[in-house]
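**Student:** Join the two chains, each given in its own frame, into one complex according to the hints.
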Amino acid sequence: MTTMGEKGYVRATPAERRPPPGDRSGVFGWLQRNLLSSPTDIALTVLCIAFIGWAVPPLVRFFVVDAVWSGADRTACLATPQNPVPGACWAFVRAWFSFFVYGFYPMAARWRVDVFFAALAFGIGWLAWLSAPRRGIGAIYFFIVLPLLSFVLLSGVPRLALITIPTELWGGILVTVVVATIGIVASLPLGILLALARRSDLPAVKGLAVAFIEFVRGVPLITVLFMASVMLPLFVPERLSPDKLMRALIGVALFASAYMAEVVRGGLNAIPRGQYEAAQALGLAHWRVMALVVLPQALRITLPNIVNTFIGLFKDTTLVFAVGIFDFLRTIEAARADPHWVTPVTGVTGYAFAALFYFVCCYGMSRYARSVEARLTRHRR
Amino acid sequence: MADTAPPPSRHARRFGSIALQAALIVVVGGLAYAAVRNAAQNLADAHIVSGFAFWNNTAGFDISQTLIDYSPSTSTFGRAFWVGLLNTLLVAALGIVLATILGFIVGIAQLSRNWLVSHLAAGYVGLIRNVPLLLQLLFWYNSVLVSLPQLRGSVALPGGGILNNRGLFLPRPQIGSGFGYVVAAFVFSLAAVALFRVWGRRRQDRTGRPGHLQWWALFLAAAVLAFVFVVAGSPITFSVPRMGHFNVVGGVEILPELAALLLALSIYTAAFIAEVVRAGVLAVAPGQAEAAKSLGLRSGATLRLVVVPQAMRVIIPPLTSQYLNLIKNSSLAVAIGYPDLVQVFAGSVLNLTGQAVEVIAITMAVYLIISLATSLLMNLYGYAIAVEER
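Here the protein sequences come in this chain order: S and G. Read in order, the letters of the first sequence are residues 10 to 390 in my numbering. Read in order, the letters of the second sequence are residues 21 to 410 in my numbering.
This is chain G alone, in the form it adopts within the complex (with noise of 0.2 Å):
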């Protein structure tokens, strides 16, 4: 055995890992080396000019969704790359409040007492979990919404909205003037609420009157609202979709991939969201709520103000990871041609400049952006309702 031979010195091993870590950083950055002169080569040889410049160049292709004005003809692939980034924006947006819901209501339902719906909803995370979120997007795009009737046999929805294999058409709210002062009303009215609710919490810690204060204010509040908006004269009108010869003419419209790909993101992750929340929930000892319940609380109270506080300490960081998969995951647009940023700019604009590196990396910049930002906040909001230790 050479165990006889000293140990080495503190010296010798400081010197080890100096050397260890030189040899890493000489190798990573050979190998970068390498790979950015081999795609120098590759690039000169097929004759594509690295660098920014095709930014400002006419786009040329149309885009079926665009939040901003965008016009094949005249915007910029640049303009192009904000519509794809809006777009994405949008559906995870939507996603995240439709799946936060859902998997909410799954979560709370998986730990009911009532045998039958705590098992359907076991049942609903364990088949939507075990199938790959594709299947049910392609599920969802392919089967379900192609068997919407065509534009003839459009389905005229209650409140004037039109549903057909093209999309779901919804009136378009416009605003006339006199709106300033609804807005304003509605601003003053909203703080008044706010006030009241203080007013009637203090008034509880000095009396021990419940306060149902501001159910009143908020009646009121609403009173005051639809007042002011009949003496402003009504200035919301809305441009109903009607039929055209060809196509559904005025209001907004949902186009089916982003109904598909809101329904099989928010179906999808409110499964995972589900198990994070049932996981927070029986994290808060059971103690807890026996305790509230002896103090006599109700059920709803003891919810409320005992149990959901503590679990949201625990569901947080988990919710978070969820968030941001259902941001990454909705990348999958590209499957069904929903015109996300990866459809758009990775897609369209890649395959029309040949500016493969610097699509990719400003794609993947995005996405690591977006993903740094939403775990800054949600880490701010941990914090914010951390318990404060003594």
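Chain S with its partners taken away, still in its complex shape (with noise of 0.2 Å):
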């Protein structure tokens, strides 16, 4: 406390009114507030609608306005009189689109691609939709009948008079989306075992989980993939020696089971110790305590996680070009270098269209993944 001595001050005249603050709502407040607050913000924002105004017309331009959307060949995406800048050839993806889909995969044949895709969706679906009715027969639906049938329709079976198409001519979006699936197909399951194994009591198990993870972890998927391709034909008797496509999808499952298993470790961690207690209790042994109520809380609340390792996944499934698999980027590679096609724009629209085909498989992935992870949250607001 001070005390009132002679120095002290005390206010004897009512302060002055000062006028009450400016409209801070509406438009011109918005604007006041988020883009004009301080000298420094005038810049910034000048700075950003320059950077915009210079940034954004050219790529309009080149993308949309001057693009080439049909053509037969090279020449209708080369500067002529009329066009002197091209933008972007789409004629050339509208070309090579049934290309960037199937690969090589026999025309009379591709009708079971387009099975396995719906098949696909379906079980995604399934899976995806939180409140679909009788998930857990989606979950038998999607990792072990959706495997068998995509095997049947893909690799097809003789007997079934479904001819036998070499994985030597898959190619495309469907290598990319067979490597992907499988590689979650795989890695979900084996991951969560190793994630068990992890927390197990028994240093044997654990030593040797530890060990894979950080051993997988610690290296780039490319050596994996190397490993794979060059070394596992080694390692088992030659009559048993795997093709090409399935010694990368053995390198891309251990792999992602390794990342898998790390997700799968923090949502284990994340459940209280009273639900194992209660579930013991119970008079559970320990693997139904696992299997009927520490793994489903866990799986729920790591959904997101598991969300975000696939599209690092799908990401990764471009490295398999390392090995020589023919997937969707490499298949614009290939078609890049056609020379009934090859102009100074068609490197650009073939990259522009691989980038928006992973943007939109990855950013819708992403927008999921942040939606289970609001309903999840949904009761801490």
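Incorrect hints may have been included.
[As the list claims (entries may be wrong)] In silico SDA-like links for lysine to any residue, alpha-carbon gap of 25 Å or less:
{"hint": "1", "chain 1": "G", "residue 1": "K348", "chain 2": "S", "residue 2": "G31"}
{"hint": "2", "chain 1": "S", "residue 1": "K253", "chain 2": "G", "residue 2": "A42"}
{"hint": "3", "chain 1": "S", "residue 1": "K215", "chain 2": "G", "residue 2": "G49"}
{"hint": "4", "chain 1": "S", "residue 1": "K215", "chain 2": "G", "residue 2": "I68"}
{"hint": "5", "chain 1": "S", "residue 1": "K253", "chain 2": "G", "residue 2": "N371"}
{"hint": "6", "chain 1": "S", "residue 1": "K253", "chain 2": "G", "residue 2": "D65"}
{"hint": "7", "chain 1": "G", "residue 1": "K348", "chain 2": "S", "residue 2": "G333"}
{"hint": "8", "chain 1": "G", "residue 1": "K313", "chain 2": "S", "residue 2": "T173"}
{"hint": "9", "chain 1": "S", "residue 1": "K215", "chain 2": "G", "residue 2": "I389"}
{"hint": "10", "chain 1": "S", "residue 1": "K253", "chain 2": "S", "residue 2": "F131"}
{"hint": "11", "chain 1": "S", "residue 1": "K253", "chain 2": "G", "residue 2": "I68"}
{"hint": "12", "chain 1": "G", "residue 1": "K313", "chain 2": "S", "residue 2": "L45"}
{"hint": "13", "chain 1": "S", "residue 1": "K215", "chain 2": "G", "residue 2": "N371"}
{"hint": "14", "chain 1": "S", "residue 1": "K253", "chain 2": "G", "residue 2": "A59"}
{"hint": "15", "chain 1": "S", "residue 1": "K253", "chain 2": "G", "residue 2": "T373"}
{"hint": "16", "chain 1": "G", "residue 1": "K313", "chain 2": "S", "residue 2": "S46"}
{"hint": "17", "chain 1": "S", "residue 1": "K215", "chain 2": "G", "residue 2": "A42"}
{"hint": "18", "chain 1": "S", "residue 1": "K215", "chain 2": "G", "residue 2": "I38"}
{"hint": "19", "chain 1": "G", "residue 1": "K313", "chain 2": "S", "residue 2": "G31"}
By construction, these hints were calculated from the structure, which means they are not laboratory data.
**Tutor:** This is the structure we're talking about:
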């Protein structure tokens, strides 16, 4: 407490009234708050507008206004007197579109790929829609029925009048989707097993799991793929040697399972101890505690992280080029070099199309992950 | 129900767990044994002698960027390994520096109160994170850098550089005699500035007057350095690149492969670092910044003294894993032919020697060691800045 000494200050008159603060609502208020609140702010706004003005119009001109939408070959996309600076050559993408989707898959059998895509979309929809009916059956469909069905459809079973299509002919988005799907279908169960093993009390089990996870996470995917492609044929007897796509799939599945294990472990760590103890008190044995009480909760809260891992896996499928697999990006690279279509803008157009495809897929998945997260944390708000 | 059976005794459970572990070890060991036996059989069939004898054989292939002396006719495969490893370390180190700078700028920009700035930064992050790195790398290499001018149309940059589609050529500094004096003067002035800074801090603690002495000290030190440099006879000269008939002669060459890899790696990783930085700053309780403001700190000082030190503790662990990702992603060099460890060693050397097992094992071991060393260093730094708990 200050004492009221001689030097103390005591206000004797009421403070002067100050004008009320200015109107901070409405469009002008918004502008003032968010774009023009200080001299630095104004300078930043001007800089940003200048940047947008510099970058956006040429992009729009290149990809939309000056773009060539149809044509039979490269001459359509070359500079002409009417169109001195040619834009993106979408005609090239249209001409090669079915190659981008199916690769060299035989024309007569492409309906099988379409059925596979539809079956896959159905399974994804079933699992992704959190309040869909019978999601347990959905999981069985996705992790057991779908892989078998895909194998029958894509590879073919002569006895069912489906001719065998060797994997060398597979390509494009088909291969990208197959690699990513097998990656998730194999890595989720493997990752759960590894995560449980890593939390085990048994030193041998835990040690092996830690060694595997840390080893795989410490090396680049390319070296894992090299290992799968070069060393795997050495490790198995010659007659069992898997084909090229199979080797890449094994490499991707092992790689993804190490990352998935860490994600699942994070979810397991987030389950309170009381859940284990309550389940044990009810008389459940260890495996039933895990399968009936802990894992369902852990997987539910890690679903956003699982989706994010899958986004990483989806982008990483592009790396299978290194072992000679013809994935979507490789089909772009191959088509880009086609002499019928070589122009200065063909490459950029191909890359833009690929970027659009990956962006739509990955962005869609990350929006989904975010909506699940919002749903899971709704009770906290 | 079988619930009436007595629960297994502790003894039985212990026996069960030992049996389970023994079975696991037998299975894994058996698989490993079978794999090794098959490998030995297959290698013998292919007439490949396993072992590391190839290490000292002459390599016989050329490498486009060598930081140490290397010649295809006399150098060994072992030398090629070191060349590749150094190239990997070079691109990783440069990439980490660039990605950190860009990532922190974008991360802070995402938190800006300016609507345009934050949305532009968020757009950058959203776009870059959702497009595969390999696609971005191919785009930079095949679509952007290829449109640089040919040799004859080379662009002369201010300061003596030359730019064309074979690379960026910069003046190479050459060290003359008397350079030791300059180094000594540099070390001396660095120490002097540090001392001044400490002294200024102490004085501020004692008197409360903010010490801006370090700026004067910096100026003085620069003046001393310049003086010594001139007196010692300007011992640094530059070998300026000039146009030859078939190529650019002299100077330092930055390959287009290196430039494309650096661009792609740093732009891609920066988007992830930006998210890490944003999350780290948001993790600092808003009360901290408000308290600093109410103590009268300006916004710069609030950031520097209150927010950043606390945010760094949250940022360091995920930042480490981003650095590790960048190092591992540098192996994408193989797609555009930048001679990194994977391209030189797991590519050329493997193809020439056929020693798949040895070469892949060495390559993986190198990445493992780099990963472990990086996380060790970052953990040490994390401990150094951790909160001292009471």
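**Student:** For which of the previously enumerated hints does the structure constitute a violation, in increasing order of number?
**Tutor:** Hint check: 1, 2, 4, 8, 10 and 13 fail, others pass.
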